[in-house]
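For the record, the sequence lines run as chains B and D.
Taking this note's numbering, I'd label the letters of the first sequence as residues 40 to 155.
Taking this note's numbering, I'd label the letters of the second sequence as residues 270 to 383.
Among these hints, one or two may not hold up.
As the list claims (entries may be wrong) - Only pairs whose alpha carbons sit at most 30 Å apart, straight line, appear in this in silico DSSO-like list of lysine-lysine: (1) D:Lys291 - B:Lys109; (2) D:Lys321 - D:Lys291; (3) D:Lys313 - B:Lys77; (4) D:Lys309 - B:Lys42; (5) D:Lys305 - B:Lys77; (6) D:Lys288 - B:Lys55; (7) D:Lys288 - B:Lys109; (8) D:Lys321 - B:Lys109.
To be verified - Partial selection, computed: residues in chain B whose CB lies under 7 Å from chain D: (9) Val63; (10) Arg67; (11) Gly148.
In case anyone wonders, no lab produced these hints; they're calculated from the structure.
We treat Cβ as the ideally placed atom computed from N, Cα and C, and that holds for glycine.
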Amino acid sequence: AQKVTQAQTEISVVEKEDVTLDCVYETRDTTYYLFWYKQPPSGELVFLIRRNSFDEQNEISGRYSWNFQKSTSSFNFTITASQVVDSAVYFCALSERSFGNEKLTFGTGTRLTIIP
Amino acid sequence: DTAVSQTPKYLVTQMGNDKSIKCEQNLGHDTMYWYKQDSKKFLKIMFSYNNKELIINETVPNRFSPKSPDKAHLNLHINSLELGDSAVYFCASSQVGQSYYGYTFGSGTRLTVV
């Protein structure tokens, strides 16, 4: 069975500091997909990134970057020069490629608070 | 145009009542889902439907009955509401076999049972 662990329940940092959110996953499949979602106080789920299991390249998008390491089953997310608008709950999620039975399994989320 | 729309956005009701939440997607996806987010923010799948056929039912009480009249709609009917049903319910859609392209979520329905 697939499982996603976000060990950090809550993180607080001062604005402009860098912060890394950890995500560790478990799966038996060789083909799978990893996602990060942001849930701001308004409540919607905002898609941030997806990564397939064959693509271990790190990705950078503005102040956001992701580090995928298959050897350690981790998909960590770093925010550089954090801003107050980054305050939200962040979810890591895993989708196995099980044809017709696909679903997203979410981690428990990390609540990030950026202190002005 | 909203890709995945849910109605209502807020629902407050008394224990024992029956209520429905509607979901529609205009993305042409063939798979739709219901997820429940509890008070601790934990998100868990409840159901998935592929082309109107139930695929996943994750040990959800029988009081919850999804209905998919066509592949663009997946409604959730809840009978005899209990306090523990209070949560945010998210509808989502995807295209089967193309998980890489991700899942599109609705904005959620906050259900409060009093």
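Hints versus structure:
With a C-alpha separation of about 39 Å, the suggested pairing of Lys291 (chain D) with Lys109 (chain B) is violated against the 30 Å cut-off. A distance of roughly 15 Å separates the Cα atoms of Lys321 (chain D) and Lys291 (chain D); the hinted pair therefore holds under the 30 Å criterion. For the hint linking Lys313 (chain D) to Lys77 (chain B), the alpha-carbon distance of about 16 Å falls within 30 Å, and the restraint holds. Among the hinted pairs, Lys309 (chain D) with Lys42 (chain B) is consistent with the structure: their alpha-carbon atoms are about 18 Å apart, no more than 30 Å.
For the given pair, Lys305 (chain D) sits about 16 Å from Lys77 (chain B) by alpha-carbon distance, which is consistent with the 30 Å threshold. Taken as a hint, the Lys288 (chain D) and Lys55 (chain B) pair is broken in the structure, with Cα atoms around 46 Å apart against an allowance of 30 Å. Taking the CA atoms of Lys288 (chain D) and Lys109 (chain B), the gap is about 44 Å. The hint is violated against a cut of 30 Å. Distance restraint check for Lys321 (chain D) and Lys109 (chain B): the Cα-Cα separation of roughly 36 Å exceeds the 30 Å cut-off, and the hinted pair is therefore not satisfied.
This hint is violated: Val63 (chain B) has a C-beta 17 Å from the nearest C-beta of chain D, more than the 7 Å allowed. Because the smallest distance between the Cβ of Arg67 (chain B) and any Cβ of chain D comes to about 16 Å, over 7 Å, the interface hint for this residue is violated. A distance limit of 7 Å between C-beta atoms decides the matter here; for Gly148 (chain B) the minimum to chain D is near 5 Å, and the interface restraint holds.
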